[in-house]
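Residue-level listing of the chains:
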Amino acid sequence: MTARCTDLDVFFDGELDADQAAAFRDHLPTCERCQRVLHGRMQEEIAAQADTAAEPADAIPIANARAARAAAASAAAINAPATSAPVAAAPPAGSSSKPAPGRGSRRGVLVYLAPVLAAAAALPLFFLGKRDDGGPLELAFEIEHSGPTARGTAHVGDILRSKVHGERHRVLWVYFEGHELVAACPNDARCSADGNDMVLQLTLKQRGQYTVVALGSDDAIPPPAPGGTLDEQLAALSAGIHSKRQNIEVD
Amino acid sequence: MVEQPEGPDRSAPESQGAALSGAVPMLKRLAERMCGNPADAMDLVQDTLERAAHGIPPEVRNVRAWLTTILQHLFIDYCRAKNRRPSHEPIDDKHEYVTQLEADGPEPEWTRITVADIRNATDELEPVYREVYLLRTFEHRSYEDIARKLGIPRVTVGTRLHRARNKLREVLVARFALEDKP
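Just so you know, the sequences run in chain order U and L.
Take this note's numbering: the final residue in the first sequence is number 251, and no numbers are missing along the way.
Take this note's numbering: the final residue in the second sequence is number 1182, and no numbers are missing along the way.
Hints listed in this document are in silico derivations from the structure and should not be mistaken for laboratory results.
Mixed in with the good hints, there may be bad ones.
FRET-style restraints, in silico, Cβ to Cβ [unchecked claim]:
1) D231(U) / P1106(L): 43 to 53 Å
2) H1140(L) / T229(U): 41 to 51 Å
3) P1153(L) / G208(U): 52 to 62 Å
4) E32(U) / V1128(L): 30 to 40 Å
All of these numbers come straight from a predicted model, not from anything done at the bench.
From the three backbone atoms N, C-alpha and C, an ideal C-beta is built for every residue, glycine too.
If we strip away everything but chain U, and leave its shape as in the complex, we get:
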């Protein structure tokens, strides 16, 4: 035990000043005892919060870290030239996996989206995906490049922003290589509401093919069952669910 161990409770309560908290975070990986005690404190807290933790989903602040960072980065680059382009509409299901023509680099687009993203940070994280009027299902996406890139390609580290519009209920799933579920909106912290649209912002972390699928229906759509491939999930869907699909190759 070191003197730092004695800060555990105050750290856990978020009451240490920034320097002391940083010092405790440095200490924690080196101290198994603190890790055990911290585990107990966390378990005690969730046991004590069991009743109050059942907050309405639409009361959760988004605080989408990646969106906030993108906004911050964009704000810092506010003087950089930007080439704003509309969000590209996804082609119908079964379309080519190649990037759509014209979907070139949009680096800098977020310069103009910074206020929007900052505002989005105050929006509900989870929402029911309901809209009053419905309308046809639409899937759109754009890629924010993290560095220099060839036009029309996506790379590891780039940020995918997908937007789903239309239908009374809608969900958005992202699969990697057709079998690994990467994101499932609305039950995903990277999802947010933008008016009547559902927006997912996702960092592309691996080379390979990502598949974005938007589903819409008048009825509630169940989340994907764990472990299933995308094709299995789609095959299991009931009639009356519409889908849009887009493949993205990441180099």
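Please build the complex by placing chain L on the supplied structure of chain U, with the hints as guidance.
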């Protein structure tokens, strides 16, 4: 006889989604307090959910407890990645909240404990510790707020909370068939 709290029906995808999304506020609160900034906290919660999205193991009875354990492991990884100091720290750093730490004791089986159990266990605390604990845990009051309300120094709030938690753990250990940990 202690009743086992019923876990979610994990056979239904809907209940899995509900269990995960219902836990987000709690995870977010924990992460924000420990990370020190909202962006890292939300990344931590997101990474936790990504792990959980691969499926809740069938042996898990308490999804929240399971998620919290994932969060803690990821948080330690996060601390390790951000580590900016050698592990051997000078011991003469300023420590405003020095409290006497007891030796490791057994942990209760947290996944069986409900909020009612916690509240009942607080009856065993001395009043000075109980009131601080209740204000902090159930009313989410800050140390400053509690200190002002009770007319005690802020540092005393931390000391009383520490003692309250340790005593509470002893009570819960005694009430729930608990595994002994060295």
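* If any of the earlier hints don't hold here, list their numbers in rising order. => When the structure is compared with the hints, none of them turns out to be violated.
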